[in-house]
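If you want the building blocks of each chain, they are given just below.
2 protein chains.
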Amino acid sequence: MKLLHMADLHLGKTVNGMNFIEDQRHVLAQVLGLMEKEPVDGLLLAGDIYDRSIPPAEAVTLLDWFLTGTAELMVPVFLAAGNHDSGERLEFGQKLFGQQNIYVEGTLREEFPAIRLEDEYGPVCLHLLPYFKPAEARALFPEDEIRTHEDAMRSVLARHPVDRTERNVLVTHQFVTGTEPVTQSDSELLLSVGGTEQISYTVFEDYDYTALGHIHGPQKAGRETVRYSGSLLKYSFSEEFHKKSVTLVELKEKGSIIVTVYPLKPRHDMRRIKGKLEDLLDPQVVEAADCEDYISAVLTDEEELADPMEKLRASYPNIMELNLEKRQRSGGDEVYADVREKTPLELGESFLELTCGEAEEKRMEFLKKLLEEGGLNI
Amino acid sequence: MKLLHMADLHLGKTVNGMNFIEDQRHVLAQVLGLMEKEPVDGLLLAGDIYDRSIPPAEAVTLLDWFLTGTAELMVPVFLAAGNHDSGERLEFGQKLFGQQNIYVEGTLREEFPAIRLEDEYGPVCLHLLPYFKPAEARALFPEDEIRTHEDAMRSVLARHPVDRTERNVLVTHQFVTGTEPVTQSDSELLLSVGGTEQISYTVFEDYDYTALGHIHGPQKAGRETVRYSGSLLKYSFSEEFHKKSVTLVELKEKGSIIVTVYPLKPRHDMRRIKGKLEDLLDPQVVEAADCEDYISAVLTDEEELADPMEKLRASYPNIMELNLEKRQRSGGDEVYADVREKTPLELGESFLELTCGEAEEKRMEFLKKLLEEGGLNI
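Going line by line, the protein sequences match chains D and P. In this text, residue positions in the first sequence follow this note's numbering: the first is 5, and each later residue adds one. In this text, residue positions in the second sequence follow this note's numbering: the first is 5, and each later residue adds one.
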């Protein structure tokens, strides 16, 4: 049995103010093309389908288009909501979709569904467990002592019947860690305090394959068969070197699993460039890669530059951000080196130099007046 | 062929700050019960399914429950969006639902769908035309001169093929008027300027029955077979005397249509009461109707009353609003009669008397100070 595993689509996400809907459609079309060429028995969607609980209308239209496409290919869909999704909203049409083999589980319930498929080796059971917080598990099972996400997951899984003689696949969305630290990126926005969000991969030992969502880099968590498929696209420059992909899971007889990774080609790649403005604008440098990529540029020039953003945009039309390394670094050094010895007025002067290039007299006078009114020893 | 016609569900609406979701579920359950007892061949939903473009999650869950119920009863659904709906959002699952005989049309397209059903008299064609504004029609048909809603409707319908030898039903949501003025109510919030929103019922002559939504009182528009089914519930006190209902349309051979109206019983009725506080609290008065009704009370007492709202709530637990007739009227007279002769301070005094019952000395002093600071001649 072949199952395609995806997660963290984040449909409707904007990155640096840029609308990514066409980028998302571009990659989803590849996934449909892949399933058309290489038929699979199911598509696993492990949460964060949308980027926020109330997605923009165009994201709703895009998901509709994608699911209509999978239905036309006769591929059943097994979807569990993520922390970015509104479970109740995702569940709209749950029973009606279920009749067309689109299984959607949005919210934690005392019993979560398991759908049985069959192949020549016997049954495969697909378990759909949406993202949940410890408080939700506590509300369902008040008799258990649940503090961490792992406590909550153990309580929920302990009550869920699994026939270990058969093959079992779990689709879920949590922060699951192996023995080594998970590679994170900026776009996951993890608000983990003191590690209570982390769940050890060992809780999933009843399952032959655990299809995870949450972490944007494709990777295993602890063992090869507990995996993050990674996000649909790079959603931050910290993901520059990620290879985005979908994961194909082939289940043969119990105990035999083959995992293959299919790369996805984005409409525009995301990359960082760094150097002097003149070098970055050199046609040879520009042409060395796709200049339509989403670009984060760091300029190392020492001197003042006139309109560097506009100049870069002429060569890199999709540039997203620009940072000036020199000024920040040296400014930073100056400010932080002797911050304790400086007076408030001197600190203000450094700040103005750092942000405006110079501390104009008019601004210094205004600052002085402000500090005096505030009763500070200038 | 029997078709049940409903409109203006406004799921998720709050009335005077009160959540109506349980009231809406209560009435929708009656509709499901009705269709179970008296099977119909289709349910027409003529727009304003939700109260706003982004409905609360509980409204999404409620619509899901209702549509799942109609699907279990094997009743096809023909839904056209209203001006309160977000067409794009409503269209989620459009093609997938269509395979289960739930037809949803959210946005104006050059060609709008017509679904053919059959009975012993031959085919019946159901045309789904969602709410649209003149600008949307202009964008599709720039060659037409479209100024009013009626111009727009004529342009759209003129291009839509209708076989007049067959029976045709149109489901749409607009402000359609007959020869007599339509009975409106506060909750429709019509922003009609100069009548450009009004569409004459005569534009629908190709259709044997036109199922309308928009106006909350069940009524015909021009002829018996161009009808508003009315809203699911009373959504404002101006609808006090409406009889909310669903409309059953029975189509026999071409030209023969029977319209029957089935009343709906709300969880709580909505009504106005008026009189002196003492009379309204008289147990005989309270028990004369259902005291759990949603109440708008007008008190006619001349003298000051201590906590009238609390006293009324003890007898009428679901009271929604309270107005004092006497004080408002006489207060209004006093203020407006000689407004030109009064000084700003005297006007302030009248205002305080009107709103607080008296002009306290502390407040008058504060007002005086304010007016002096503002340089007004007090």
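Take the hints with a grain of salt, since some may be wrong.
Pairs count within a copy or across copies, as identical chains cannot be separated in the list.
Lysine-lysine pairs mimicking DSBU-like chemistry, simulated, CA-CA at most 30 Å apart [to be verified]:
hint : residue 1 : residue 2
1    : Lys99     : Lys269
2    : Lys99     : Lys372
3    : Lys278    : Lys256
4    : Lys280    : Lys224
5    : Lys41     : Lys372
6    : Lys41     : Lys280
7    : Lys315    : Lys224
8    : Lys224    : Lys99
9    : Lys137    : Lys346
10   : Lys99     : Lys6
11   : Lys137    : Lys366
12   : Lys258    : Lys280
13   : Lys41     : Lys6
14   : Lys247    : Lys224
15   : Lys41     : Lys269
16   : Lys224    : Lys6
17   : Lys269    : Lys373
18   : Lys280    : Lys256
19   : Lys6      : Lys366
20   : Lys346    : Lys372
21   : Lys224    : Lys373
22   : Lys99     : Lys280
Just so you know, these hints were derived from the structure itself, not from any lab.
Practice item. Pop the pair Lys258 and Lys280 into one bin, within, between, both or neither, using alpha-carbon distances up to 30 Å. Key: neither (57 Å within a copy, 80 Å between copies)
Check your understanding: 30 Å Cα cut-off: does Lys6 pair with Lys366 within a copy, between copies, both or neither?
Key -> neither (69 Å within a copy, 80 Å between copies)
Check your understanding: Given a CA cutoff of 30 Å, do Lys41 and Lys280 count as a within-copy pair, a between-copy pair, both, or neither?
Key -> neither (46 Å within a copy, 79 Å between copies)
Practice item. Go through the copies and call it for Lys41 and Lys372: within, between, both or neither, with a Cα cutoff of 30 Å. Key: neither (70 Å within a copy, 82 Å between copies)
Exercise for review: State whether the alpha carbon distance between Lys269 and Lys373 is at most 30 Å within one copy, between copies, both, or neither.
Suggested key: neither (57 Å within a copy, 70 Å between copies)
Exercise for review: With 30 Å as the alpha-carbon cut-off, assign the pair Lys99 and Lys269 to within, between, both or neither.
Suggested key: between (34 Å within a copy, 28 Å between copies)
**Study point:** Within, between, both or neither, where Lys224 and Lys373 count as close if Cα-Cα is 30 Å or less
**Key:** neither (59 Å within a copy, 72 Å between copies)
Review point. How do Lys315 and Lys224 come out at 30 Å by Cα distance, when the copy is not named: within, between, both, or neither?
Key: neither (42 Å within a copy, 65 Å between copies)
Point to revise | Homomeric proximity label, Lys137 with Lys346: Cα distance no greater than 30 Å | key: neither (47 Å within a copy, 64 Å between copies)
Review point. At most 30 Å between C-alpha atoms: does Lys224 with Lys6 qualify within a copy, between copies, both, or neither?
Key: Classified as within: same-chain Cα gap 18 Å, cross-chain 58 Å, threshold 30 Å.
Check your understanding: From the Cα coordinates, with 30 Å as the cut-off, is the pair Lys280 and Lys224 best called within, between, both, or neither?
Key -> Answer is neither; intra-copy 39 Å and inter-copy 75 Å both fail.
Exercise for review: Indicate which option fits the pair Lys224, Lys99 if close means a Cα-Cα distance not exceeding 30 Å: within, between, both or neither.
Suggested key: So Lys224 and Lys99 fail the 30 Å test inside a copy (33 Å) and across (36 Å) alike.
Violated hints, listed in ascending order, are 2, 3, 4, 5, 6, 7, 8, 9, 11, 12, 17, 18, 19, 21 and 22; each of the other numbered hints is respected by the structure.
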